[in-house]
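Chain order of the listed sequences is A and B.
Note that the working numbering has the first sequence beginning at -12, numbered continuously upward.
Note that the working numbering has the second sequence beginning at 408, numbered continuously upward.
No lab work stands behind these hints: they were computed from the structure.
Here the structure is a predicted model, which is why all the values come from computation and not from measurement.
Even glycine gets a Cβ: it sits at the ideal position worked out from N, Cα and C.
The reader is advised that the hints may include incorrect statements.
Computed footprint of chain A on chain B; a stretch qualifies when at least three of its residues, placed anywhere within it, have a C-beta under 8 angstroms from a C-beta of chain A [claimed, not checked]: (1) 618 to 624; (2) 629 to 642; (3) 723 to 733.
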Amino acid sequence: MEEAESGRNRAHRLELSGVGISLHGRVLVPPLSLAIDGGRVAVLMGPSGSGKSSLLAHLCGTLDPVFDAVGRVTLRGVDLDGLPPEQRRVGILFQDDLLFPHLSVAENLAFGLPAALRGAGRREAVERALDDADLGGLGGRDPATLSGGQRARVALMRTLLAEPAALLLDEPFSKLDVALRSRFRAWVFDHARKRRLPTLLVTHDPMDGAEADGPVIELG
Amino acid sequence: MKSVSPEIASGGAVGRQVASAAGRRRRRWSALGLVPPLTLALFLGPIAGGLIGTWAPAFGILPALGGTEPSLGPWRALLEAPGLAAAVLLSAGTGLGATLLSVGIALWFCAAWHGTRVFSGLRRLLAPLLALPHAAFAIGFAFLIAPSGWLARLLSPWATGWTWPPDLGTVNDPMGLALVLGLVVKEVPFLLLMTFAALNQVRADRTLTVARTMGYGPVTAWGKTVLPLVYPQLRLPVYAVLAFSASVVDMALILGPGTPPTLAVLVLRWFSDPDLAMRYQAAAGACLQLVLAGALIALWRLGEVIAGRIGRRWAVSGRRGGTGAVARSVSAVLAAGIVLVAMGASAGLGLWSVAERWRFPDALPAAWSWETWTRALPHLAGPAWTTLSAGVASAGVALVLVLGCLENEQRARLRPSARGLWLLYLPLLVPQIGFLFGAQVLLVSAGLNGTWIALVWSHLLFVLPYVFLALADPWRALDERYARSALCLGATPWRVFWRVRLPLLLRPVLGAAAIGFSVSVAQYLPTQFAGAGRLPTLTTEAIGLAAGSDRRLIGVYGFAQAALPLIVFALALALPAAVDRVRRWRR
């Protein structure tokens, strides 16, 4: 039973082999190898300017072409090299929630849902996500009227509704106040675990690292 | 940079500064505080006065011609004028068509190429495209697409089989298609520039990353997430494009149909009618042009609301869109076409000006000569000098006023407001033909009609908004700490202005001045009205000649008109570089 479980988690693995980034010949991120099984959270620590965000951009497929990237990235055994961002199934959460200001909370969530889900099914999925985020009844609200913690939860639910195969977190907790931070962190990790998502967290807060259960890597 | 809500992003220091007069009273009195109200008076005064001076004759009041009794006669005459309905439809159709195409192409290109090298490459090409005066471009465009034009020559006889110009109505076609295409070539660069500026104000890159990692194709992601953020800031520029396209005179004279012409051209004909009684009917027509522009903007607004509703449903439908490959190639071809047409139009003017013998279907002149230039030069010098002096003066005055407004905004810590932006756009939203006659009536009563001062002032109305728009963003984006640290070192505010802000912002300041100059060079209608025909410029001469058939002479005037702003732009680029070199050499 346990073995089958870990086998499934291995199948969901996000794996970096010798991934490094340089700019005009200057090394930004030295070659890095890392395997994150489904449901595990790995942490990348480092001061600002250490290339953490460039690494995440490389994983998303949005790295500016002026950078040179080496190494191999696979997700569920699929080589991500050369795939456009929309085909990678890599979800990302930024420090800013980046909820679309022109859409309501429910519409922001619906944005994440696949088009195949239509009509009542679509509405139900949004309702479920709202309940999941403890935001029942707030679907019609303008995101700007929500609190920081509520917005952060909507942002995660929106990312998850798009059914990613891996989750990247670019310091998504740093803007929340301390009390909220640990609760939100636990909630995010919990969701990642339930969905067997390999998760890579970039941060400079040592507490984030302590809460994670995967490898911790120092950059810079 | 601070994030600014789209509604109030970038724009008018002007209105807000008047609104906060109470706040200013508490501060120490300074001459600088007078600049914003003076600026407002200088450019809103003539518009308000001009509108009154146009609406009054439309209702029979024009004391100079003995009209003292209010009447509806001018409107009745207007409605009975032959071809009016067709002219109105033509103006509305070409205006809407050109705006729809321009907005569509500009936004589509941005959606398809956002964040790529092609995107930044096109950005650099915009300045010369924007500097090309409308009239010169329209003439060059006509030279390009006419049945005997360069395009037909390049393709004949090997591809078309033509050994003689075909009998096709490619220019002045009754539907106004040539006019629409010409407008599109001029408006797309402007809208691209405004979109680039708007993109700087929103977090477009991260928003796109979020959408694309959720599986959205690049173009669909842009349309669903970036466009709704950017469009509110494009609204005023789009309205300006719409009002302009529906009321343009110079391009319509050259490219548009003749019978009937567009409404603005028809009204101009009535204003220039030797029968002075026609002024009443013309004034009513000018008012109708204003109403038409307002109605088109209202219609566009309605379209925005409907498109917004549909777009919202589309945005949340979950449809991810494709790879954007088709959008990329088609929009790239369109953009390249626009650049090539603009370049071909300018080059064609130059070629004709030095062509001695150029028979159809030769691709290039068979014999070259400077003869047309030497023949034209004695007559060219006067208009060229007027163009140059009016351009330098209006751009210079606009620059001083804009710098004063921005400096005052900075010192008084004022925030730009949406209302100020509307005021700034007013001269671009009100059709020129809708108020210039009234402004001329005012000039006559002030004894200024036909003077150089009146010419510069009339240009200033249109130069000022562009200089402001070009300079406001870089000025406000300059790190406040430079000025603050200089102040802490004991420098006076004026010293900070001259020795810190101005040198740091030399490039955008000169760029804005060059834009102002090119706007002045392009003015046709204001030159005709304020100059009262006594102050010909390269623009009015070129358009006057365009009706004739001497392509060589038209080429000389058109090329001279196109070259002047380009030279000034080149200077604006070269000067800061030279200053840098001197500074380095001194070390």
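Hint by hint, here is what the structure shows:
no.: 1; hint: 618 to 624; result: holds (count 7)
no.: 2; hint: 629 to 642; result: holds (count 4)
no.: 3; hint: 723 to 733; result: holds (count 6)
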